[in-house]
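**Q** Here is how the chains run, residue by residue.
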Amino acid sequence: MATPDVQYLSSGDTALTVQFGTVIERELNSRIVALGHSIAQAAIAGVSETLPTYRSLLVNYDPLVVTRDELVAQLQPLIESPPEAGDAAPAHWQIPVCFDSDLAPDLAHVAAASGLDENEVIKAMLEVTHHVYMLGFAPGQPYMGDLPPALNIPRRENPVARVEKGSVVTATGLTIIYAVPNPTGWHVVGRTPVEIFNLAREEAILFKPGDKVRLSRIERDEFDELTAQVDDGSFDMTRLRQP
Amino acid sequence: MSAGLEVISPGLMTSVQDRGRFGFQALGISVSGALDPDGFDLANALAGNEAGTGALEIRMLGPTLEVTAESVTLALAGTGAGIEVMSPEREMISACRSVTFRKGQVFRVGAVSDSAVCYLAVHGGFDLPPIYGSQSTCMSAGFGGFHGRILEKGDCLPLRKAAAESLSQRILRRPPEPDSSPVIRVIAGPQDDYFSAAGIETFFGRGYTVSQAVNRMGMRLEGAAVAHEKGFNIASDGIVRGAIQVPGNGLPIILMADCQTTGGYPKIATVISTDMPKLGRMMPGADIRFEAVSVEEAEAVARDHHERKAGLIGAIETFSGSVQQLEHLLMTQNLISGVTAG
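Taken in order, these protein sequences are the chains called A and P.
Numbering follows my numbering, with no gaps: position 216 of the first sequence is 216.
Going from the second sequence to my numbering is simple: count from 1 and add 243.
Bound conformation, chain A alone (with noise of 0.2 Å):
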């Protein structure tokens, strides 16, 4: 594979943004994962962590330990290598997802904008696999793509002032799933009972950079019958993965 066409731009003195190119795209977006855990493995002394996004790798370092200098030449080898395989396959995921008008406020929106109609938007967003390009924002908040070319519809010009947490959202066609209350500068869409972070839960967060995820639709009653379950605690994590 040839060698991507990287950047290094500084976050300050203690990061380093490894950016591999401007756009969000899935092979790119594979190998900056894999990249991280390259890292990971090679301990690099004054690394503290990495952060990969659609494009880029954040490499955090501590400016007493190594220079940036330093730490360039020690990544050039492993950018250029083979990207490594993950230190774990990706998860496939099915989200139960509510679209009943009070849980997708912009539904009609996100359909005029799109030129399709309200069911249509949903099977779109329903055929799609979403490939988990990154967590952020918020704990364990998965940002997914990619939608069918409609979608693409631009943000919100003002953001809303709180949406709740499972909403499910779009704009430039991508998905995001609210991992806790938040502004919102998305369409909500839907909304999922599952809780994607959870700190009372042993795998507090379910996604990682890299997973597969599929919404499935449900209807009210059960919306609400599995929000009562995730609140006493009966809810089974175990259905939402897929083999």
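Do not take every clue at face value.
[Unchecked claim] From the structure, some residues in chain A lie toward chain P, with a derived Cβ separation under 8 Å:
id, residue
1, Ser-10
2, Ile-24
3, Thr-50
4, Ser-56
5, Ala-138
6, Ala-179
Quick caveat, the hints were computed from the structure, so don't treat them as lab data.
We put the beta carbon where it would ideally sit given N, CA and C, even for glycine.
Given chain A, put chain P in place with the hints provided.
**A** Quick look at chain P alone, frame taken from chain A:
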């Protein structure tokens, strides 16, 4: 109720913080931690703690606390303000020294006017479970510290040590001079190419003022709008503390300790690690002037800063005996040094 410190009044925004939560940013977990790591480290050293022990971060108006443990040794640092003992007798204890309080004593840290934040460290630390390896409060996600939130009236902060171990106290006789210069040093990038030449000139040439919109996540600045050249949306990438993002309105936002791990606005520059404590201490209305430095310069500055800090902590002296004896000793020494200096 376990013995510790009971919150009689919580202050404006008091939270438990340590150096931060490292190793989990890839999962979307923010780093958090003390906004002024220098004041934080000093408070811990004065309290006789291992570096990095969780302490109270106090914002502008401090809490009133009652000792419900047998006794507790604590120290305040990062400000010139002192600890005001309310009962049984009123007394002022200056910052930058440790003091032991007994059960039933009530004390407070009042209005702090010389810094946005300061730190109250208790000897032994708080008996709070680390979450992802840290006691820092992550308010945006509601975990860590004391129940994932700022302190409220009636809370009881549990202590790891039910009683102070000895009467010896620590003091730093020459507290660090506050740096009042508006200069904040930055390294350009990672997305300085998203801004026009005029935009870059505005950013470095014109001064900014810290707005009222300041919290542990970010600091919004007021001043001249920075012109973009390639729009203001990027494919989200990783964010570090100190990153300066410029959204559509052109007004810079400096990301602070509780900032989210990723973001989609271009970042014109990043504050160097050495200047982050100073930035954390800045209050609304403070002036800021950005100055560009190279990575090599920032690395040299970081090494120098580390040595100075070690020197400061090394200058902490230990005294045995009561507060009154200590006062007497200090007064005598001041007189002597005054005489010899004269």
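**Q** A separate judgement is required for each hint: does it hold in the structure or not?
**A** Comparing the hints with the structure gives:
With a cut of 8 Å, the hint placing Ser-10(A) at the interface with chain P holds, because the nearest CB-to-CB distance is about 5 Å. This hint holds: Ile-24(A) has a C-beta 5 Å from the nearest C-beta of chain P, less than the 8 Å allowed. Among the interface hints, the one on Thr-50(A) holds; its C-beta lies about 7 Å from the nearest C-beta in chain P, closer than the 8 Å criterion. For the restraint placing Ser-56(A) at the interface with chain P, the shortest Cβ-Cβ distance is roughly 5 Å, inside the 8 Å limit, so the hint holds.
Against a cut-off of 8 Å between C-beta atoms, the interface hint on Ala-138(A) holds, since the closest Cβ of chain P lies about 6 Å away. Among the interface hints, the one on Ala-179(A) holds; its C-beta lies about 7 Å from the nearest C-beta in chain P, closer than the 8 Å criterion.
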